[in-house]
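Visitor: The sequence shown begins at 571 in the working numbering and counts up by one.
There may be inaccurate statements among the hints.
Derived DEER-like restraints, expressed as beta-carbon distance ranges [stated by the list, open to error]:
1. 740 <-> 665: 24 to 30 Å
2. 617 <-> 738: 44 to 50 Å
3. 697 <-> 640: 23 to 29 Å
4. 615 <-> 720: 46 to 52 Å
No wet-lab data here; the hints were simulated from the structure. For clarity, every value in this text was computed on a predicted model and none was experimentally measured. All C-beta atoms, glycine included, are put in the ideal place defined by N, C-alpha and C.
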Amino acid sequence: MPRAQDCGGPPDAIRRLGLTVASIVALGSAVLDRIYTVTNLPDPDGGAFVTDRTRRGGGVAANVACACAALNHDAAVVSRVGDDDAAETIVDSIRAWGVDADAVRRGDGASSYTLILRGPGGSRMIVAGGDSVPRLHLRDADRDRLAGADVAFTSAYAPDRVVRDLVELRRTGAIDALAELRR
Numbered sequence: 571m572p573r574a575q576d577c578g579g580p581p582d583a584i585r586r587l588g589l590t591v592a593s594i595v596a597l598g599s600a601v602l603d604r605i606y607t608v609t610n611l612p613d614p615d616g617g618a619f620v621t622d623r624t625r626r627g628g629g630v631a632a633n634v635a636c637a638c639a640a641l642n643h644d645a646a647v648v649s650r651v652g653d654d655d656a657a658e659t660i661v662d663s664i665r666a667w668g669v670d671a672d673a674v675r676r677g678d679g680a681s682s683y684t685l686i687l688r689g690p691g692g693s694r695m696i697v698a699g700g701d702s703v704p705r706l707h708l709r710d711a712d713r714d715r716l717a718g719a720d721v722a723f724t725s726a727y728a729p730d731r732v733v734r735d736l737v738e739l740r741r742t743g744a745i746d747a748l749a750e751l752r753r
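Sequences are here, hints too, so could you generate the full structure?
Guide: Quick look at the structure:
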């Protein structure tokens with residue numbers, strides 16, 4: 571596949587390659603959130619009763635891109651999901667916010683997920699799992715997408731190799747801005 575720099579440079583080259591030009595590209599986690607509202611957040615070896623539950627797309631990268639889209643920014647997500655029904659929920663949820671999800675790739679296995687327990691006062695406990703996001707790596711098309719963006723965002727939940735690639739792209743001037751959220 572041709573790279574953007576081979577076609578005259580971003581963002582026009584990205585359009586010629588058929589890629590969407592997003593001002594903000596979020597890389598990392600796009601997962602299935604399983605949210606349980608509980609009577610209390612349990613202590614170790616304790617228990618709680620579920621009063622409500624829901625499933626929806628989530629993950630730090632997906633959430634940031636959706637929030638940016640809600641603020642009228644063009645946003646895209648680069649992530650990896652599995653080959654299961656959860657993948658459809660995740661991608662549909664991202665697209666419902668008007669976010670470009672074309673770089674959310676499908677792979678073998680189950681999609682990554684979070685289990686969120688939400689207590690009555692709004693406090694939460696979050697447990698993450700799954701192999702789809704940890705198996706994410708950047709492809710040439712992702713690098714081209716990043717080169718056309720104003721901002722690249724990642725978080726501590728992105729795989730180390732993706733963060734290293736982003737830092738290298740920034741160091742070489744292939745991308746101008748890099749925002750990273752630290753826990």
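Visitor: For each hint, tell me whether it holds in the structure or not.
Guide: Comparing the hints with the structure gives:
With their beta carbons about 28 Å apart, residue 740 and residue 665 fall inside the hinted range of 24 to 30 Å. In this structure the supplied range 44 to 50 Å holds for residue 617 paired with residue 738, their Cβ-Cβ distance being about 47 Å. For residue 697 and residue 640, the hinted distance range of 23 to 29 Å is satisfied, since their beta carbons lie about 27 Å from each other. Range check, residue 615 to residue 720: Cβ separation about 49 Å, and the 46 to 52 Å hint holds.
Taken one by one, the earlier hints all hold for this structure without exception.
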